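2 protein chains.
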Amino acid sequence: MDTLEMIKHRISANKFDTSKSLSEDEIKDLVAYAAHAPSAFNIQHWRFVAVTKPEEKERLKAVAYNQQKVADAAVTFIVLGDLRGHEKLGEILQPFVASGNMPQGMADGWVQTTAQMYSNPQLARDEAIRGASLAAMTLMLAAEAKGLVSGPMIGFDPEGVKQAFGISDQYVPVMLLTVGYAAPGNWPRKPRLSVDEVMQFESGKDL
Amino acid sequence: MDTLEMIKHRISANKFDTSKSLSEDEIKDLVAYAAHAPSAFNIQHWRFVAVTKPEEKERLKAVAYNQQKVADAAVTFIVLGDLRGHEKLGEILQPFVASGNMPQGMADGWVQTTAQMYSNPQLARDEAIRGASLAAMTLMLAAEAKGLVSGPMIGFDPEGVKQAFGISDQYVPVMLLTVGYAAPGNWPRKPRLSVDEVMQFESGKDL
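Protein sequences, first through last, are from chains A and B.
In this text, residue positions in the first sequence follow the numbering used here: the first is 1034, and each later residue adds one.
In this text, residue positions in the second sequence follow the numbering used here: the first is 1034, and each later residue adds one.
No wet-lab data here; the hints were simulated from the structure.
One thing to keep in mind: the hints can contain errors.
No copy is singled out in the list; a pair is fine if it fits within one copy or between any two copies.
What the hints assert, rightly or not - Computed list of lysine-lysine pairs in BS3-like fashion (alpha-carbon distance at most 27 Å, straight line):
#1 1094 x 1061
#2 1061 x 1223
#3 1053 x 1094
#4 1179 x 1041
#5 1238 x 1061
#6 1053 x 1102
#7 1179 x 1223
#8 1061 x 1041
#9 1102 x 1041
#10 1086 x 1053
#11 1094 x 1238
#12 1179 x 1094
#13 1121 x 1238
Everything numeric in this text was worked out from a predicted model, so none of it was measured.
Given these sequences and hints, build the entire structure.
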């Protein structure tokens, strides 16, 4: 199925085939695709905890309003945004400088600029959520291309998730993301607002 | 090119062919694909202002640190998140109730739940950014599938953009998104962190 058809075809799944699992390599491959998402300054704010073991999925379910899909999916990702992702930027850009694609002075400038920008906690949080969401959407479409289904979730206790999985305050939980094989009983695609209801040309006055 | 190849192939573009434009229908079609993104409760928090006229692009460029790509792209979208998107939820779910896919009582419950949830301003902002980002990533991949290139941008003055384009405080500017045909001179893909640097199994302790 081509990409445009796939975008129209995708549904958010609640029902997963509990008899089918994903290997560690298959899970890593999904994250490798997610990591191709774009990010401001190439900081790559996204981080993932892949929850696959039955007892760990039960612990996650307990801080996600006992939603069964967390346990039924082959993997449930805790998708995080790194509030201090910019601290790695010098290291991230180094190979791009070494390959002659970016002058060292520009890389140094980006490191300085982002240190200033993300010292603003609201900006750091906005960026963590934005970056992790771009990666999560990429992961969902990669999963779909591999014949899997996925379901993004915001119904969970962020502090509870952090405590249960040893996640520090450096990270903001952005969503849970279930991925696996579909079982029967999923909802059809939900109706969408029309393009004219969500877009205007040249002005936002009539939104 | 299949979806997985396309995800790996995509770059964020800075250089656009200024001789090529997109029709209104082509732009609406991109947004129609973006609107297939998932959203919590199907609220669809994303909104778009499509800036295409030369004089409007110049006004946008002026509140985006004079970055030339805003003017060079065939269209630059102002991607917004609706802080009060949930107020339309009853209306949004109505066709899904009418088609027998959702009981009226469940739809009513979602309307009540979301009214409570999004009365928290931080949650409303988080959700607006998350939803708009999921739609923006979908738009970028749809654009790629159509032979176009795109570039998400956070380098702009959000209040300046709102004022210049008549956008009310109901909306949070989430990013600018340039879309058009590539010109020579774009950067190659920037290097990514390895999967092991962005993902752990079962625990977030070693992130």
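Evaluated hints:
no. : hint        : in the structure
1   : 1094 x 1061 : within (22 Å within a copy, 40 Å between copies)
2   : 1061 x 1223 : between (30 Å within a copy, 20 Å between copies)
3   : 1053 x 1094 : within (19 Å within a copy, 51 Å between copies)
4   : 1179 x 1041 : both (16 Å within a copy, 15 Å between copies)
5   : 1238 x 1061 : between (44 Å within a copy, 18 Å between copies)
6   : 1053 x 1102 : within (14 Å within a copy, 46 Å between copies)
7   : 1179 x 1223 : both (22 Å within a copy, 25 Å between copies)
8   : 1061 x 1041 : both (26 Å within a copy, 15 Å between copies)
9   : 1102 x 1041 : within (23 Å within a copy, 29 Å between copies)
10  : 1086 x 1053 : within (13 Å within a copy, 52 Å between copies)
11  : 1094 x 1238 : between (43 Å within a copy, 19 Å between copies)
12  : 1179 x 1094 : within (25 Å within a copy, 40 Å between copies)
13  : 1121 x 1238 : between (40 Å within a copy, 18 Å between copies)
Comparing the model with each numbered hint stated earlier shows that all of them hold.
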